[in-house]
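Peer 1: Sequence:
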Amino acid sequence: MKNQVISMLELSVAAVLFMGACWYSYQMQSDIDGAIEAAYGLSQEQSISISTVNPGRYSDALTFRGSEILFMLRGEEKKLYDLSVDGVSFPPGGDPESWDLSVIEAASHYAVRYHYGSSGEIVRIQFSKVR
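Counting from 30, one number per residue, gives the positions in the sequence shown under the working numbering.
If you're looking for bench data, these hints aren't it; they were derived computationally from the structure.
Watch out, some of these pointers could steer you wrong.
[To be verified] Each pair of labels, with its calculated beta carbon distance range: (1) S96 x S54: 30 to 40 Å; (2) V159 x S127: 21 to 31 Å; (3) I61 x S36: 35 to 45 Å; (4) H144 x M48: 50 to 60 Å; (5) S127 x A64: 47 to 57 Å; (6) D115 x C51: 48 to 58 Å; (7) E39 x A136: 56 to 66 Å; (8) D115 x M48: 50 to 60 Å; (9) G122 x Y143: 45 to 55 Å; (10) S54 x G149: 36 to 46 Å.
Glycine residues also receive a C-beta, built at the ideal position from the N, C-alpha and C atoms.
Based on the sequences and whatever the hints tell you, model everything.
Peer 2: This is the structure:
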């Protein structure tokens, strides 16, 4: 009789732990789904190399490091955006190998300003070095 009670208690504990793990994974999956939907809303119909953040959700000014800007320049495959860094323009459709990237300091921080077209799409991204 004692062994049966111990077996039932072990089975009960195992069942409770299993149900707790299932509930935890369900909650985690719900959180991940919500984060993915929010990220999709911010980056819909946009090149994967261009980083934008909804500034209304953050209190600090939006800045990028120079290395992130270099990634944006190299990864912009569709050549849809006119990018400029401290007044130096990198036009869409230009050859990345011929650009003078020495104006971008990888460790510096740059403020960003987005210019939108008439239908609300981003047409120009302007970076200026934060002093």
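Peer 1: Run every hint past the structure and note whether it holds.
Peer 2: For each hint, the structure was consulted:
| no. | hint | in the structure |
| --- | --- | --- |
| 1 | S96 x S54: 30 to 40 Å | holds (36 Å) |
| 2 | V159 x S127: 21 to 31 Å | holds (28 Å) |
| 3 | I61 x S36: 35 to 45 Å | holds (37 Å) |
| 4 | H144 x M48: 50 to 60 Å | holds (53 Å) |
| 5 | S127 x A64: 47 to 57 Å | violated (39 Å) |
| 6 | D115 x C51: 48 to 58 Å | holds (54 Å) |
| 7 | E39 x A136: 56 to 66 Å | holds (58 Å) |
| 8 | D115 x M48: 50 to 60 Å | holds (58 Å) |
| 9 | G122 x Y143: 45 to 55 Å | violated (20 Å) |
| 10 | S54 x G149: 36 to 46 Å | holds (38 Å) |
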